[in-house]
Amino acid sequence: MKKILLILISINISAIHADMERVDMLFDKEERHYFVYIPKEQSNQTDKIVIGLHGYTGSATGFEMETTGGFNNSAEKYNFIAVYPQGSYFYEQKLERGKISSEYISSWNDLTGSKTKTPFGETCAEDAVVYPKYPNCIGTDAGRCAWTSCGDDMGFIKQIIDDVKKRFDLKKIYVVGMSNGGKMAHALACEFSKDISGVINVVGSPQNGLACEPKTPINYIIYAGAEDKVVPPFNVVSFDKYFYTPVSTLVNKWTTSFNCKKKEFLTNIEFDNIKEQIYSDCDDGVRIVSLLNTEQGHSWPGTEEYMGFCRTKYQTEIDLEPCSNTINEWGNDFLLQRLFSQ
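In the numbering used here, the protein residues as written are 1 to 342.
Please keep in mind that the hints were generated in silico from the structure rather than gathered at the bench.
Hints should not be assumed to be uniformly reliable.
Pairwise CB distance ranges (calculated) [what the hints assert, rightly or not]:
{"hint": "1", "residue 1": "Leu95", "residue 2": "Lys275", "range": "42 to 50 Å"}
{"hint": "2", "residue 1": "Lys275", "residue 2": "Val236", "range": "14 to 22 Å"}
{"hint": "3", "residue 1": "Lys94", "residue 2": "Asp283", "range": "47 to 55 Å"}
{"hint": "4", "residue 1": "Lys194", "residue 2": "Pro135", "range": "55 to 63 Å"}
Lysine-lysine pairs mimicking BS3-like chemistry, simulated, CA-CA at most 27 Å apart [unchecked claim]:
{"hint": "5", "residue 1": "Lys194", "residue 2": "Lys171"}
{"hint": "6", "residue 1": "Lys133", "residue 2": "Lys94"}
{"hint": "7", "residue 1": "Lys215", "residue 2": "Lys194"}
All C-beta atoms, glycine included, are put in the ideal place defined by N, C-alpha and C.
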């Protein structure tokens with residue numbers, strides 16, 4: 001990871017309501033922020049935190065309200081502090097029918113989406129869809145296939161981890177993410193495996209040829225949808241002609257690296273049909289879990305479509321439609337029960 005350049009002029013913690021806070025900071029010469037939700041009933045007793053990362057063109061509050069269908073409810077149920085960072089964003093100017101419009105673009109630099117060259121060639125085909133380029137990618141070797149920020153998001157999340165560790169007496173730090181946020185969670189598992197207790201990567205397999213492996217074993221759950229055309233779990237090529245690492249390749253590398261000796265196969269049919277592979281008896285007692293939903297595509301479990309391209313009243317500066325109230329009846333429980341049992 002490149003050297004963290006941190007210029008922290010001020011941190012303004014503003015109460016959103018009784019338990020929700022917004023933390024604003026200047027990181028690497030860019031205004032950044034994240035939200036903190038403290039469970040109401042047992043805020044003085046919780047010793048774990050879950051960092052939730054939104055997907056491409058999503059928002060921090062959209063992840064909580066729409067993508068996951070109310071992740072704060074899970075914070076109450078499982079007694080953890082929830083943290084929702086906002087990815088770096090900008091507005092792409094477009095000329096349509098003689099009028100200039102702007103499109104909100106947000107992302108995480110997971111160190112694969114910001115690159116074009118890999119040991120296997122390039123991360124996209126010659127006829128791949130061209131996505132808006134981040135201003136902070138100018139002057140870098142990002143290349144034509146890059147679609148995420150080129151900023152130091154790894155350093156930004158590490159700063160958040162350091163900040164919350166100072167504020168709270170924590171024993172466990174977890175990271176969960178959706179799509180580009182899942183890719184970021186994967187990268188954080190590699191970079192900060194000594195700080196993080198476990199990770200859930202939802203439909204976020206890294207670009208093919210750039211998938212990392214942590215030096216220290218870490219609990220890892222990867223969830224994929226068999227019908228996913230955005231980040232396909234089997235076929236390397238996505239609908240927009242970008243190349244992604246097959247889930248089986250990623251899992252095989254990690255389980256081999258961690259010397260996992262036991263393997264168990266389960267089928268869960270209570271909600272969707274989900275194939276579960278559990279690898280245990282690994283180094284340091286960690287477990288690797290692969291979850292394949294055979295009925296769904298690029299979505300969070302418990303939902304049927306990718307949501308979260310919205311903002312709540314707590315992010316009025318972001319030009320997105322207001323979020324809708326959504327309820328996830330089983331998906332968050334399904335994931336978190338596996339995460340916390342590791």
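Tested hints:
1. As the Cβ distance of Leu95 to Lys275 is approximately 47 Å, the hint placing it in 42 to 50 Å holds.
2. For the pair Lys275 and Val236, the supplied restraint of 14 to 22 Å holds, since their beta-carbon distance comes to about 20 Å.
3. Between Lys94 and Asp283, the C-beta spacing of about 50 Å keeps the proposed range 47 to 55 Å intact.
4. Judged by the Cβ atoms, the range 55 to 63 Å given for Lys194 and Pro135 is violated: they are separated by roughly 33 Å.
5. Proposed proximity of Lys194 and Lys171 is supported: the alpha carbons are some 12 Å apart, at most 27 Å.
6. Distance restraint check for Lys133 and Lys94: the Cα-Cα separation of roughly 13 Å lies within the 27 Å cut-off, and the hinted pair is therefore satisfied.
7. Taking the CA atoms of Lys215 and Lys194, the gap is near 9 Å; set against the 27 Å cutoff, the hint holds.
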